[in-house]
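If you're matching positions, the sequence shown starts at 1 in UniProt numbering and goes up one per residue.
The set of hints was computed from the structure by calculation and includes no laboratory data.
Glycine residues also receive a C-beta, built at the ideal position from the N, C-alpha and C atoms.
There could be a bad hint or two in this list.
Said to hold, decoys possible - Lysine-lysine pairs mimicking DSBU-like chemistry, simulated, CA-CA at most 35 angstroms apart:
#1 424 / 43
#2 41 / 161
#3 161 / 314
#4 13 / 43
#5 315 / 161
What the hints assert, rightly or not - DEER-style ranges, computed between Cβ atoms:
#6 91 / 169: 43 to 53 angstroms
#7 449 / 145: 20 to 30 angstroms
#8 381 / 451: 50 to 60 angstroms
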Amino acid sequence: MDPLPAAMHLPSKIQEIRENLQRQNIRYFLPAFVDIHGVPKGKLVPLSHVERSLRGGELFSGHALDGLGSHPEDGEVAVAPDWERGFPVPWKPELAWIPSHLTFADAPFPACTRAALKRSLEKAEDQGFRLRLGIECELYLLQRGASGRLLFPSPRETLPKGSYDAGRLLERANIIDRILEALEGLEWEVSSVQHEDGRSQFEFVFSHCEALEMADRLVFFRCLASRIASEQGLAAVFMAKPFADQPGNAAHFHLSLADSRTGANLFLAEPGEDPRGLGLSGLGYAFLAGLLRHGRSLCAAFAPTVNSYKRLIKKGAMQFYSWAPVFNSLGGNNRTHAFRIPLGGGQCEVRIPDSSCNPYLAAALVLEAGLEGVQQNLDPRAPERKSIYSWPERQKNWLPHEDLLPRSLGEALAEFASDPLVEKALGRSLREEFLRCKFAEWDEYNQEVTHWEVMRYATLF
């Protein structure tokens, strides 16, 4: 969509926005926000009612939404659409999707994750920094059987190592082509698509852009891929670990800080600047040191479900290693670590997040942790060049922050709750609501009696 003015309440601006939408043949719009899980919510609003939305008249009962901390007797929350970030829905171009955050009494709603990211970005801007983010999003394209069970759509087996399998990529070319065509129509740059290690698993690599825009894109991409896959009789599955014997779905964050005035990449080392030879500036290393300091406690945001921790293993039931991080560790161009400096430097990769994460929450915490490292001029230990999969579970003489990543959602939430940075970054309301929702999820899971338990213990004693 064409850029839309930010000032909403002047009659002239309201008219300008209405005319702008009409010129683009928009008949409806959907101001979309996310709940605590990153799941999009909203209403379909006819263009004739655009003025009401511009004046904050689209109201929602917070108690009906997960993670907002509202009670039945509380007043409604309103949406504040970012009109300049809106775009037509590819399969219904008369409908505009407008990324939005929540407000209450004309102020940002404290438990809104998109508002939290905006706050963090504004703080970074005040310090002269702008976070740029690219995400590698992995998903499975699967069939759903009559019982609801997820099935592989092709009876043909892949090789034990399925990465870059051109045959399996071409098998799904009709779906991938439609997804890419839609993304190209939105002018969202995807640098590549590949078949991943798992059967019928694919990775879409989104190029770097401004962090809020990237988070908006990931939220809509999950909707887009699900819609197109459904039309082909398949399900796009973003859960972290659909199968015990297959790799999990990662959403690796590739990030850097740009100078907010010039746009220059501040993570890129000047010639001869990096004695470690990885092409990362001193500021980049300080940012990484902040991430390492808080890596264990931020796991709950990066890997937010019970299922997520079945991905963060060395091998498990798989034939080969998982490619997922297990230690809170830094490597150079080494994909076995939680944090990686890709070849050529100028950026860092956070490999803990999975495709079920709320990107607003995860990006806000990444930025706040990294900026703490910059402000305190922290320095990480030398990047480890060896594979972590050859390390013992506990390595002696490590610094306190270099340890195993949490092994369960419960352990991750305990770390999250104990870190003062979380409340500083998110505010008390959002921190408490996230913990309340996720501890409830963890408790519910622990009360389930699984098939594994029955098979193992029913006749054992």
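Each hint, compared with the structure:
{"no.": "1", "hint": "424 / 43", "verdict": "holds, 32 angstroms"}
{"no.": "2", "hint": "41 / 161", "verdict": "violated, 38 angstroms"}
{"no.": "3", "hint": "161 / 314", "verdict": "holds, 16 angstroms"}
{"no.": "4", "hint": "13 / 43", "verdict": "holds, 22 angstroms"}
{"no.": "5", "hint": "315 / 161", "verdict": "holds, 14 angstroms"}
{"no.": "6", "hint": "91 / 169: 43 to 53 angstroms", "verdict": "violated, 23 angstroms"}
{"no.": "7", "hint": "449 / 145: 20 to 30 angstroms", "verdict": "holds, 23 angstroms"}
{"no.": "8", "hint": "381 / 451: 50 to 60 angstroms", "verdict": "violated, 43 angstroms"}
In the structure shown, a violation is registered for the earlier hints numbered 2, 6 and 8, in ascending order.
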